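**Q** Those protein sequences? They're chains A and B, same order as listed.
Numbering-wise (the numbering used here), the first sequence opens with residue 351 and increments by one.
Numbering-wise (the numbering used here), the second sequence opens with residue 196 and increments by one.
If you are wondering where the hints come from, they were derived from the structure by calculation, not from laboratory data.
Treat the numbers as computed from the prediction; the structure is a model and nothing was measured.
It cannot be assumed that every hint is accurate.
[Claimed, not checked] Simulated crosslink set (DSSO-like; lysine-lysine; CA at most 30 Å straight-line): (1) A:Lys662 with B:Lys752; (2) B:Lys986 with A:Lys776; (3) B:Lys1118 with A:Lys703; (4) A:Lys629 with B:Lys1134; (5) B:Lys1118 with A:Lys629; (6) B:Lys527 with B:Lys583; (7) B:Lys338 with B:Lys299; (8) B:Lys704 with B:Lys632; (9) B:Lys555 with A:Lys547; (10) B:Lys896 with B:Lys752; (11) B:Lys1134 with A:Lys550; (12) B:Lys1024 with A:Lys776; (13) A:Lys776 with B:Lys1086; (14) B:Lys1162 with A:Lys554; (15) B:Lys942 with B:Lys896; (16) B:Lys238 with B:Lys627; (17) A:Lys602 with B:Lys1136; (18) B:Lys1136 with A:Lys629; (19) B:Lys332 with B:Lys345; (20) B:Lys754 with B:Lys784; (21) A:Lys662 with B:Lys632; (22) A:Lys547 with B:Lys1169; (23) B:Lys339 with B:Lys583; (24) B:Lys297 with A:Lys547; (25) B:Lys1171 with B:Lys1136.
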Amino acid sequence: MKAIKQILIVIAVSVGLQSYAQQTPAPAQSGAITIKGATAHIGNGTVIDNSVIVFENGSITAIGGSDTASKGRVIDATGKHVYPGFIAPAKSLGLIEVNQVRASNDEDEIGEFIPNVRSLIAYNAESKVVESMRPNGVLIGQATPQGGRISGTSSIVQFDAWNWEDAAVKVDDGVHMNWPGSYSRGRWWLGESRGWKPNKDYSKDLEEIKQYLRNSKAYNAAGNTSKNEGFEAMKGLFDGSKKLYIYTQGEKEMIDAVTLTKGEGVKDVVIVGGYEAYKIIPFLKQHNIPVLVRQTHSLPMRADDDYDLPYKLPKILVDGGLLVGLQNASMSNFQTRNLPFYAGQLVGQGMDKETALKLISGNTAKILGIDNKYGTLEVGKSATLFISEGDALDMRTNIVSHAFIDGRELSLETHQTELWKRYMGKYSGK
Amino acid sequence: MKKLALVVVVFFSFSFAFAQDYFPKNDGVKEKNTNYTAFTNAKIYITPTQIVENGTLLIRDGKVVASGKSVTIPKNTIVIDLEGKHIYPSFIDPYTGFGVEKPKRAQGQGRSPQYEASRKGFYWNDHIMPENKAIAKFEYDKKKASDFRKAGFGVVNTHIMDGIARGTGVLVALNDEDDAATRILDDASAQFFSFSKSVTSRQSYPSSLMGSMALLRQLHWDLDWYAKGNTNTKDRSLDALLANKGLPAIIEAGNKSNDLRADKISDQFNLNYIIVGGGDEYELIDEIKATNAQYIIPLNFPDAYDVSDPFAAKYISLEDMRNWNQAPVNPKALSDKGVTFALTTHELKSPSELQGKMKKAFEYGFDKTQALKALTTIPAQLLGKSDKLGSLQPGRYANFLITSGDVFDGETTMYENWVQGRKHVITDMGQKDIRGKYSLNAGGKTYELNISGAAGKPKAEVKLGETKFPAKLEYSDNWVVLSFKDEEKGESFRSTAIIPNTGNNFSGKMVLPTGLETSFTAVRTGDAEASEKKHKEKESTVEMVPVTFPNVGYGFKSKPQPQNILFKNATVWTSETAGVLPNTDVLVKNGKISKVGKNLSAAGATVVDATGKHLTAGIIDEHSHIAALSINESGHNSSAEVSIEDVVDPEDIDIYRNLAGGVTSIQVLHGSANPIGGRSAILKLKWGENAENLIYDNSPKFIKFALGENVKQSNWQSFSRFPQTRMGVEQLYVNYFNRAKEYDAKKKSGQPFRYDEEMEVLAEILNGERFISCHSYVQSEINMLMKVAEKFNFRVNTFTHILEGYKVADKMADHGVGGSTFSDWWAYKYEVNDAIPYNASIMASQGVTVAINSDDGEMSRRLNQEAAKSVKYGGMSEEEAWKMVTINPAKLLHLDDRTGSIKEGKDADLVLWSDHPLSVYAKAEKTMIDGTVYFDIEKDKAQRQAIQAERAKLINMMLAEKNGGGKTQAPRGKEKIRFECETIN
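The shape of chain B in the complex, shown without the other chains (with noise of 0.2 Å):
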């Protein structure tokens, strides 16, 4: 009788309830259905922390009239009786892509890369799009809607996933029975952004992740401008983002270091972003809980990997290995920095794949009422929709689920999935449970059958005896249907029964081997056992490799601290006119050198014997490219609004590795893909430490220009830029530099100015704040920006790479720039033919200050050999050679009066070396910052074994999951992107 009357309910519900009053209807009469349905004896999660015993739901016209404990139920009521069950609000997903076709790339044409927009009447960037709208492109996908539906899944958010500026979204009740009209609940629910272009314009600019984030500031502050009414022509993508003002701001991130970029642009025009994050913010966690961001995140666990293969484990980094161990934690953390956070089936294959994630959460310990916030009352409030989403309280959408038991729990069967008062079915809640076990008589013979699982998806386990026999198992509309098969034999018997409505017991026909058509009869004798796998899980506990700092290889289980050290008795390399002192102590104390002398005392600090061995300043790399996730914005010919800053990578193993060949400080320069490149970041190599960490407090202002063939784009396909003569960089040059005057001309004026952060750098260089480090080669262009600069009353810094300076060293003497060059390279392209070894120490004689630089990850850590070329090539001596990698490039960086030298009173940034530092024999034994040691020759010893054991750990773990039936995938490798002047990134 129970099913008569949900027949009647949809049956009435889908003729009446939500025709509009004003519209005309020929294909009958208006008629009005003002009954309610309610749904008794239920445990009610009205919220997920409100949950009642015994309660009643009570709905009409698809929304909660009512629920609680004591609910009157009115006359003209169909009551449901849900006695045993569970009632959970529906989930809410708030970032996919549903029912909205994925653009298409744009094919490419012609030989060179597009540079100008391709619209009119929009934003100069076309990857910039608020004005679109998903609205537009919004066809509801019933199929999709049913698997989101299975997952638990009322409400979904969408858009269209594409580009910086991706305009707004769609909020779509995920309701098959009713139009648009009625299940479209918001056609501007959210404005969503992200830092990747779009796929559908070819517009070169942003090339890069900074570009990206240069460009959305930029964006902020067009808007601002053309807001003010400053600007006489029309931006409907402006127009777009002003009028969208107001609506929840959601960035795709992707990452824990793209969250804290987001949140950095959010902070800064108080953009409130609600951030999609990447699923790994547990590693990071501090610095997520302090963006005191909203979050969604993703459930994107990744599979184990196949390792089987020895050949192939190889490939996978301890990085990936402890990810896949790791990653389920990542709800359990956020949520126990109590981070307010959605869940988002974003970047699973199905929402199917929900459950088992989930699953992988709660055993990692995530707590399930956060869970149910986050899949319910947080994403509705994130949307801005509380009063309509996510909880059961009265006049909210009737949108709710009803489950056999926890919803989060393997077992459970969900019965139904209610939206907007609109039942969809999931499993037939009439069937019963026919869970237990059984003794089953056929053909003579008397096997056990074991039903077990969720009792709406029933699993079957048949022996004969102590002989098992795989089984399948299907059950639906009452109706079971059962095969196994005797593998020895080779012998599949099938049956079908319906099950019936009383007693614990049934029987049909079986068909026998041998064609032959006979009866059964199953009496049940018991309880279901728990299936093995079952007993499996229960037994294996989670255990998870700790995170490091950070969290790769050679990372420090805890973060290395500073100490107060004496070195004792070393040979002392001062960079200083005290020049190499013998049998000298250095005493390290409070992160800085305290004392440089003979037979001081410890006076606390531990001693390190220094017997036969150099103490040195830390290496200083004045070009590095190192540390970064992006070198080059090759988009327009001036970069110089991005800034390596934005994109500094302190997980990068090369920094490990340059501490491990005395590298202490770097530059790390913006490519030289264009005239005026982009800003610096100047790094102290703290690993361990986060990127904010590994930028110098108060660091100098530095900016990369280049010239020569990079700029011209002479070694690859592109035409259309400009420059492509030297002749052009000049005027380049030229241009944007009378442009910044009479930008800083104007805003110091006080009049109203259109704030623009690319010519913010560039006045910053007139004004002698930010400094230039250019990368060059031949004469005649190293002459030419030196005039320009005179012209415009400042100073070039520094000549990067300069191999042709010694043709104008005494020229570059005057102007008083410096030279940070290669010892020895050459002959790679065809303007560096003149480049000779003895360029060092040539510019060394006439008086410019020059260091010996890598734009090499591997040469880096060596820089103190490739100093010792000078004394081979041009007859240095030993002393001048050590400063061109110590001293030398602290003056460059301005930053001779912290680091570069042993003097008292500076920073304690030094390397004890095993030997001669300028010898190809010499090896770095501890690498100090800050009187914290980051490297330790001993302590890499064990890093070694430590990564070896734990591998192996990790390795049985995955050979584990899959015998245990876990999914895997082949074993992969990352490709690290090594960054030089050229790559284009």
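With the rest of the complex left out, here is chain A (with noise of 0.2 Å):
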């Protein structure tokens, strides 16, 4: 209860305030601040109760139990919770406003092999919808182009900025691929029947994806006369600078995505989806295949899988020892701002919540090749985190109150509290 009085406060402060289309970016953190008493949870399973935490200049510069020196500007957080900025990988957001506005729609290009097509130059930092991912604890993301067979390349962006360059975090990281299937749905619309059934042209499709690997590789290795701009976006996956971040479901399609990519020479190999990883973790450990998991929040594939299946299949691959992180690459991007939900659902899988907390923390950062500054909360690292009432894995208990990108500190206000708070006035004759 007292959480949700100091959100009456905050309305109460806030109500009447001129309202902007969207939140003006912080400015560079000025000075030292220092969250106190609250329990900081680190984001690589370990917590700190009662905590110190000291970031200047945008980085953590100590963290600590409550012996830990403060400076600067100090906020009293005893008794609430901090974490780690939480990163959302493999979505479209910023590149798509409204989903049925085919004008604000920039996520898929026309093309089946186009690693050359860049989602950052197209990132709306200025969108409604990633700004409502800030209330969440959801701060960083992977801007991810959609469709094709190579869909494109992606940047991670942090989520307060004026532009695309300003919200880079990581620029060009990954190219993403969708894995044809071994099955394919029956096109009712052309007067096939409905279901799955073989998909005749698997190995035809295969042998265009190696194709394209080769000719990459040679174009790359010099002596081209002629520039291919899609041949040059790959370069980066096999010097390991850029990772392939490929989407499949089904276990054969892993395998094979696994043997045929590092078989032609690709460093890093990352999957996306993988809901039939658990049946083939030995495999995916041997070739060292982080895999980032569909959201929790949704159904079985199958009709005769475990009703929770999707709810506890992230906590069976760390089991087995892999890398995990969460994404819900599927879904309507003003979804993700329910990521920390998605870890939450493991909990009642019986998974601990710091362990829950790194796959859409630590072990995230760590997959996308930006843990040297995010995903944690540990000195030398970037101050990007936040402060909850409570539980941030909890619904009723994510309340933010205060967020720093950078140790720049965000406004949490949003286009929808902005509506609150307006009709809220309305009502109480404000």
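Two chains, each in its own frame: build the complex with the hints.
**A** This is the structure:
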């Protein structure tokens, strides 16, 4: 109830303030800030009770128990919780605003193999949908193109920026590939019967991928007289500067994907989806393949599957020793603010809360290759974090009072909070 | 000599039998053949139950003159001795498309769907074509006729297999020798119906199964009105339907649930539908029996799936695996229950599959006498032709089979199929039975030759010592052609011989691998050994896995029963003013909540220790689209005449998954394609019960309305349907309600009126008997509908979605309408730009009764979490948040006197949670409806293991089938169609 009162105070204070279409990005951190007294969830599996967290110039300079010295502005967070900013991988956030309004759609370019298509330059730093992530603690995302066989190249962005250059955390970090299915759906609208049946073109599809990888590799070995932007965009996959994100669910498909792409010299492969990854854990482990699992809030894919298979799948993979993160690539972007609750669902399945947290913070940062700066609360890392009134993985208690990206304190207002306040104001006669 | 006699018969009958008296003849002289033909010494199945040994069948002029033990044979009779042979009435297939070309699909035109009918002077819907006559399109197909005859058929009933009302059919004798004047037995043999639209028209309505049902109902209301002469115009469809009255009415239902749907319409209008089933009737056998209808049943038993690739096998659901294993029991199941049914080759690739399918059915215990009835007397009776067809009693057509033995035995040879007294030879009857074991001498070697199989189509095996040589045998016109191969040496031997009339041996010419021609002799040494395959078959006994309720994965072996249970020491969320009660007991007795209090005595009830756990009322989802076979009837802008109750699917696995999320009741709403949608089905999720039992008793009546982008068809290519703007939406309502008002007034005045289901439903709204749940987004349209309702003096019951409800919450409270909303959805379309997750809290703060709904089969199983989001967004108290998924939706659905809270006397619809029910960490452990536990987390674990074991077992059985040479099909997975508001189906 305390939390609610505080919110009401916040409302009372902010009602009547002029509202903007989007929140103004915060200025750079000017002085040291200390968050004191909170339970700090580090994002690597550990917790510090009654913690002190100090950050300066955007970076964490001290974190420890109550005996750690405070510095600068002190935020009393006694009884509250501090988390690293959550990271949303494989999302088209900022690339589409309203699903059914075509004019607002920049997420899917035509073409089957278009790795040279880059999400970053289309990323809308002023998206209202992106803004709505922040009050739930989701502060970083991988802006990802959709569609085709190779959809394009993603970039990692933070969610409080004036423009896309400003937003970029890691530019052109990965290439995204939709793996073909060995089974395909009947195209009933063309008169085929509904349902899954063997995909006759599966080997042909694989051959196409193989040829594209081979051509890319050969092209980048130098000696070409004419530019090929697509092949060039693939270069990073072979030297380890880019990762290959492969979207697939089936065990056969995963085995094919890893075997083929690794065989062609791709350094880092990440499986996105991995519904049947639990059937091939030793294989994935052997090849060091991380899995970004589909959101736990989804239905089983097959009628006879355990009703809670999607709920527990990430836990099975973690228990099996894989590096696991959570994504909701197949969902509408607005849903991504529920990322913390996808992790929370795992706790009901017997995973401990700190491990569950890793799946949307520390682990994801590692998988995306930004763990040098983001994902955990450690000295030297970016002060990208937030304070919640309670357990941020549970919707009842995920109530964010402060949030920082690179030490900059964000507004937690959104188009939605403004409408809330405007109409509550109307009804209360203000 | 026998042979010669037959040739003579054919010759004579060809020239004389059916020449019409009054037809002039110029290519010769008119002569008559009044000779008889007698078939003697045969075992004659006069009917399936009237069988005579050593009987005589006497025919003349294509008809049976006499049949039985002591038949007097007139002098002018050609006698055919059939000693040791059997005679059966030939089969009748009552449901085929024989000789009628399938209509071609109409091509699309323009950028919008077609809403109006293409025809004038006919019914207003193109898919209603009772005026169609199959005879106009019929062309006798000799090739197909021959296929049918080989399978034992003498007569088939055919029709134009297209449309919802398909017109009349033709009954045809498969008589190649005569022309249409003779073989067309009836050119209006029956009238045909189905639930499937015609491919010849693109008229949108009906776009759904429930629409097809409504259309069939309205057709009969309109027929009644038309028949009474109330219409000034001519309707050739209705005229035809009137003319066809009295003909047998056959409706293709196609599966067990559609059988029940067809029967419902049949009963309502006294149509006496003969129902063409789907082969899965055994799964709902009691309900099928209760229809008291007569059936035509296909033998479409699926082939085994090829499960050798484990990656592929996973696509096959347990339901489909079971169907392969269980489907052959269907004829037996129906027959055991005493259901009257004929069999059909419909849905078989060819009539030649009949024998294999019948064999399967017999392995599963189907009685051969019943089988014969289902192929002869019953189809004759269904078609009203028992006096002409189906038996060999005097006066019937001389349609019969001559076989070497039991017609259903695979080893039996079918010799002849006589139709209308015309002989059609299948296998030469004069040919000698050469089955046996022989010693074959050729080229200085002695082989062992074993000839087995059917007498008319024998198979050979050749051995030299212990080495088996693959062999091929052809036998016709008394000539044997035998070839075999020494695979090791790659040498082939070919030989041919004529079978002598006498003696047991034969000899002929053999071509050795070297090309050298030599002679061989085969000396009979004994009876044939049954082939190896035959051995195997005999060993395998049928094992059928049990049918569950429902017959899919996670179905119950037996339906669960209500229990008296005492929940001890729970934290009880009452959803009443009593609030949340710590350490409280709840006693469930006879399906009701009997007591709530401390330290209650069990009094014989099973005690469940709920210490540390939370007990709540079951979750109610005001807006669901699970458990239905169709959601939108998008063919008209108003579809009040359709009802989701018609298309409830009790086998949807999402029912079970909802139970696992603590959901006990749902309103299955029509979709949002039309301003006026269809009627709702309000269900209790009693997994394992049939559709009827899922629907609430005395269910409150609801209908779905919809506003905004979907009804304007803003987001897809459709520009021809009114309304295309929000302005038009209002006018559509005003118009429909004005018409309904006038309709109702006329009805109440006692004047004659045309019964109109759509108007009936709308009048119920005006009369306060039916409630509206309206899909809505933006404030202008919300306000508009309230004003329209007020103008017509009723109140909107619920706005569902209502994402801008917060902007007009005060007006909603004044109007008295509730809001059933999403917790946090937005940004998926233009009209939800201003949707905010604070909506529920704001509406509630202004006194609106608010529920949180799902509109989604996934979210519905976590509605507790969705409710919890209002604690986060807007600071609602936990108790109030919980009410938004229990008592509040119960109030909105007018069910709050029965369910939605924990209160003595209410239905025991309860959920036991492992944790705080609003927490993302909580799991439903037990979900109870009316005192019956439908989900139990422990039993679920056992179910998982059982499913795995059963799948493994069935996979092994299918592998065995494949290895035993059985037919297989590539694994396929059903694609589940998940509905939401916008699903057009």
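**Q** Against each hint, give a clear statement of whether it holds in the structure.
**A** The hints, checked one at a time:
no.: 1; hint: A:Lys662 with B:Lys752; in the structure: holds (27 Å)
no.: 2; hint: B:Lys986 with A:Lys776; in the structure: holds (27 Å)
no.: 3; hint: B:Lys1118 with A:Lys703; in the structure: holds (16 Å)
no.: 4; hint: A:Lys629 with B:Lys1134; in the structure: holds (24 Å)
no.: 5; hint: B:Lys1118 with A:Lys629; in the structure: holds (25 Å)
no.: 6; hint: B:Lys527 with B:Lys583; in the structure: holds (28 Å)
no.: 7; hint: B:Lys338 with B:Lys299; in the structure: holds (22 Å)
no.: 8; hint: B:Lys704 with B:Lys632; in the structure: holds (19 Å)
no.: 9; hint: B:Lys555 with A:Lys547; in the structure: holds (27 Å)
no.: 10; hint: B:Lys896 with B:Lys752; in the structure: violated (33 Å)
no.: 11; hint: B:Lys1134 with A:Lys550; in the structure: violated (40 Å)
no.: 12; hint: B:Lys1024 with A:Lys776; in the structure: holds (26 Å)
no.: 13; hint: A:Lys776 with B:Lys1086; in the structure: holds (28 Å)
no.: 14; hint: B:Lys1162 with A:Lys554; in the structure: holds (28 Å)
no.: 15; hint: B:Lys942 with B:Lys896; in the structure: holds (21 Å)
no.: 16; hint: B:Lys238 with B:Lys627; in the structure: holds (20 Å)
no.: 17; hint: A:Lys602 with B:Lys1136; in the structure: holds (27 Å)
no.: 18; hint: B:Lys1136 with A:Lys629; in the structure: holds (19 Å)
no.: 19; hint: B:Lys332 with B:Lys345; in the structure: holds (25 Å)
no.: 20; hint: B:Lys754 with B:Lys784; in the structure: holds (19 Å)
no.: 21; hint: A:Lys662 with B:Lys632; in the structure: violated (65 Å)
no.: 22; hint: A:Lys547 with B:Lys1169; in the structure: holds (9 Å)
no.: 23; hint: B:Lys339 with B:Lys583; in the structure: holds (23 Å)
no.: 24; hint: B:Lys297 with A:Lys547; in the structure: holds (27 Å)
no.: 25; hint: B:Lys1171 with B:Lys1136; in the structure: holds (24 Å)
The structure fails hints 10, 11, 21 (numbered hints given earlier, in ascending order).
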